[in-house]
Structures are given as C-alpha cells and as structure tokens.
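Asker: So the protein lines, in turn, are chains A and B.
The first sequence runs contiguously to residue 246 in our numbering.
The second sequence runs contiguously to residue 56 in our numbering.
Source of the hints: derived by calculation from the structure; they are not laboratory data.
Fair warning: this is a prediction, and the values are worked out from it, not measured in the lab.
For each residue, glycine too, the CB sits at the ideal point set by N, CA and C.
Errors might be hidden in some of the hints.
Residues from chain A that face chain B, not an exhaustive set, calculated with beta carbons under 7 Å [stated by the list, open to error]: (1) Ala49; (2) Thr50; (3) Leu56; (4) Ala99; (5) Ile103; (6) Thr107; (7) Leu110; (8) Ala219; (9) Met233.
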Amino acid sequence: MPVIDLANPTRFLHVVNRVLPWLIAATLFLFVIGFYRVMGAPDDYQQGATVKIMFLHVPAAWLGMFGWGLMSVAALGTLVWRHPLADVAGKAAAPIGAAFTLICLVTGSLWGRPTWGTYWVWDARLTSMLVLFLLYLGVLALYWTAEDPGRGARAAAVLSLVGAVNLPIIKFSVDWWNTLHQPASVFRMGGSSIDPALLTPLLIMVVAFTLLFLTLHLAVMRNEILRRRVRSMRLQQAQKLAEASA
Amino acid sequence: MSLGPHADFIVAAYALTIFVIAALIAWVVLDYSTQRRILGDLEERGVTRRSQRKGQ
Chain A
1 MPVIDLANPT RFLHVVNRVL PWLIAATLFL FVIGFYRVMG APDDYQQGAT
51 VKIMFLHVPA AWLGMFGWGL MSVAALGTLV WRHPLADVAG KAAAPIGAAF
101 TLICLVTGSL WGRPTWGTYW VWDARLTSML VLFLLYLGVL ALYWTAEDPG
151 RGARAAAVLS LVGAVNLPII KFSVDWWNTL HQPASVFRMG GSSIDPALLT
201 PLLIMVVAFT LLFLTLHLAV MRNEILRRRV RSMRLQQAQK LAEASA
Chain B
1 MSLGPHADFI VAAYALTIFV IAALIAWVVL DYSTQRRILG DLEERGVTRR
51 SQRKGQ
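Between the sequences and the hints, there should be enough to build the whole structure, so can you do that?
Answerer: Laid out in structure tokens, this is it:
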C-alpha cells in the first residue's frame, strides 16, 4: 500500500487496526525487559537508590517534548495543507503529551527533594518544563471548548507552532543559564556520561515508553476519527429531520 | 532489592506514573467502546455517512 493511501481516514483506520496489536505486544515485551533491568540496576554512588526515578523521569521528559514536536508538525499539516488527519494527529498527541509532561514534573520533584533538598526551584529547566505543561493545557482547552471544531483546530495549530519555541529553550536551558538541574548527560557531544550499567536500562525504558506513546497516539487518533464520523452522521440526521418538518 | 532511606519518594514516583498511564489507557479504551456503540446505534437507525452512500 502506498504511504499516500494512509491520508485516507478509512484506510488509515484499517492499518491502525492491524498494527495496534503488534505495537501493544512490542510495548509490553520491552516494559518487561526494562523493569527487569531497572530492578537489577546498581545504585548511584551519590544518589543511592533514588536514581531509579531517572528511569521514569527521563523518558517522560523526552516524550513531553516529543509530543509537542509531533503537534507542531501536525499543525503545519492543518494550517498549510488543511488535511483532516493532521488535525486528528495533533489533537490526539495533546492529552498524551500533557500526561507525560505531568509525570516528568512530579517525578522530577520527587527526585529533587532527596537529591537537592527541595521539591521545586524556579530555575530555567524546571520553569520551561512547567510552561510546556501549561501550553498543553491551553491547547486542550482550545480543542475541548471550541464550538466549531475547525476553528478550534486552527487556533490550536497556531498555539502549537508558537509553543514550539519553548522546545529549544527546554533543551538548552541547562547550558544557557545557571540551574540546579544537571546538564545533558544522555545525548551530548562526546557521548553519554552515564555508566552503561544505568544507561542500558534507561535506553530500554526510553524505547518502551516511546512505543507506549505511539500505541496510545494511534488509538486516540482512531477514537477521534470515529468521533468525527458520529458528529457528521448526527448532523446529517438533524438536517434530514429539519427538511422533513419543513 | 533495597530502596534505601528515600524509598517513599521512589515508590511515590512509580505509583504516580502507573496511575497516570492507567488512567490514560482506561480513557482510550472507554472512549473507543463509546464511539463504537454510538456509531452502531446510528447505523441501526439507518443513518449512513455520505461516503458510504456514494459507495452503495
């Protein structure tokens, strides 16, 4: 099947129904391996066992940013090509991205208390991540409260593109400003500074969480396509009733 | 596996993550069955989509 065929919602649904069981199985498989490796991972020489929070915090942070990146690409599809699936993809990514950003903020706070001695500081990394969460809430409010779904989608797409400015700020905040948060340690010039005994389970968890994100994203897209069908059928039914009574 | 003196923080982080993801999965599954049920009801009442009528 040519890739362009996926642009048709009916064909897209057909592909999603076939792909989802495999994605779910792969996600579960990776989580089983990931948690097994996490349980066997050694404690950090400074942080002790609290380093285990890293296996949740880092994937959640990555997916919070990935979700917004996905929404920004989808926003281009909505605003430039006005493709309905692009809007569906953007709308589906918002609640999942918001959930992972929330996990990132709370697990970071729970990691910060024993490590830094505080749950929260208003430094650049933490604040820019909080801004990302608030942006997610803004986009969700636009999608869920707009009376006309088309107008809501365009407004959300504009906010998604404007909010994308925050992504490099989050990434480089630890380099541009003095922060309590540690500098980049996984993906950085010169290779990771994390010991392989901790890095391997971390990377497995990152891939497992990413597959979970993609699985949920496809499932939410499928729900959204069905919701739009329901709306369209109800509108037609109302139109028929109006014509019959006229 | 010992979680040391800060076990509460570690357990709380894992519990919260599991709770948020479980809530997300529950929402997706419930929403899917709701949309399928509504679509089924509409089709039973003879309401079809425009694209379906074209194909008939």
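Asker: If a hint holds in the structure, say so; if it doesn't, say that too.
Answerer: Hint by hint, here is what the structure shows:
1. Among the interface hints, the one on Ala49 of chain A holds; its C-beta lies about 4 Å from the nearest C-beta in chain B, closer than the 7 Å criterion.
2. Among the interface hints, the one on Thr50 of chain A holds; its C-beta lies about 5 Å from the nearest C-beta in chain B, closer than the 7 Å criterion.
3. Evaluation of the Leu56 of chain A hint against chain B yields a held restraint, the C-beta minimum of about 5 Å falling below 7 Å.
4. Annotation: interface hint on Ala99 of chain A holds; nearest CB of chain B at approximately 5 Å, less than 7 Å.
5. Taking 7 Å as the C-beta cut-off, the interface hint given for Ile103 of chain A holds, the closest approach to chain B being about 5 Å.
6. Given the 7 Å rule on beta carbons, the hint for Thr107 of chain A holds: about 4 Å separates it from the nearest Cβ of chain B.
7. Checking Leu110 of chain A against chain B: minimum C-beta separation of about 5 Å stays under 7 Å; hint holds.
8. Given the 7 Å rule on beta carbons, the hint for Ala219 of chain A holds: about 5 Å separates it from the nearest Cβ of chain B.
9. Annotation: interface hint on Met233 of chain A holds; nearest CB of chain B at approximately 5 Å, less than 7 Å.
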